[in-house]
Amino acid sequence: DGGITQSPKYLFRKEGQNVTLSCEQNLNHDAMYWYRQDPGQGLRLIYYSQIVNDFQKGDIAEGYSVSREKKESFPLTVTSAQKNPTAFYLCASSMGTGTINEQFFGPGTRLTVL
Amino acid sequence: GQNIDQPTEMTATEGAIVQINCTYQTSGFNGLFWYQQHAGEAPTFLSYNVLDGLEEKGRFSSFLSRSKGYSYLLLKELQMKDSASYLCAVRDPGAGNNRKLIWGLGTSLAVNP
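Sequences listed follow chains G and B, in order.
Numbering of the first sequence is given in the working numbering, commencing with residue 24 and proceeding in unit increments.
Numbering of the second sequence is given in the working numbering, commencing with residue 18 and proceeding in unit increments.
The set of hints was computed from the structure by calculation and includes no laboratory data.
Given the structure is predicted, the values throughout are model-derived calculations rather than measurements.
C-beta atoms are modelled at their ideal positions from N, C-alpha and C, and glycine is treated no differently.
Hints may contain errors.
[Stated by the list, open to error] So the derived label-pair ranges between C-beta atoms look like this: (1) B:Ser-82 to G:Gly-119: 24 to 30 Å; (2) B:Lys-98 to G:Gln-64: 21 to 27 Å; (3) G:Gly-63 to B:Asn-47: 23 to 29 Å.
Make the full structure from the sequences, and use the hints.
Following this line, the structure appears as structure tokens:
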């Protein structure tokens, strides 16, 4: 089955620690995205990547970093510089071409920083 | 600036019809999406509109008026499982290849028996 996987579903970290969230897709999609969702805030774009070895900052990139070394993988690191890291993190991918080019989402990772 | 407005919450009765509105103010337009998101889960794609008019998909329909910057999602024969948040999103006209989306805050729909 094709899809997007994110792991782990729940993650707990101590304040000041960096943490990396995994995102893998086997849909052969070119574009991948990371969003953060907070109650009452909607989806906010952190980073996105259109092709391998290339990525762009979204609206709230400060305190986050990404890499895109393989087409299938787009890991997100939440650094200690992110002031309010506790949130629900969603990874998505899209074909990058075609008329609709809708985004498909992974199940999300809920990060809690203690 | 770019902006999308949706009602925050709506309530409806099982078996009824509900219309969820979305208005957008963007510098251009290249398509509008509706997603459904159940609590604690990922959003799932419902519909896409780029031309004026109604797109029907089973119990769900979506309408677009580009001149008014307006869309709605129509849910018929409501079921309890339709209780979810409904997200409206518009392609970012400033993004060169139209891959970025501008998201509304979502409308939380509660379906009561």
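Do the hints match the structure? See the list:
no.	hint	verdict
1	B:Ser-82 to G:Gly-119: 24 to 30 Å	28 Å, holds
2	B:Lys-98 to G:Gln-64: 21 to 27 Å	25 Å, holds
3	G:Gly-63 to B:Asn-47: 23 to 29 Å	27 Å, holds
Checked against the numbered hints given earlier, the structure satisfies every one of them.
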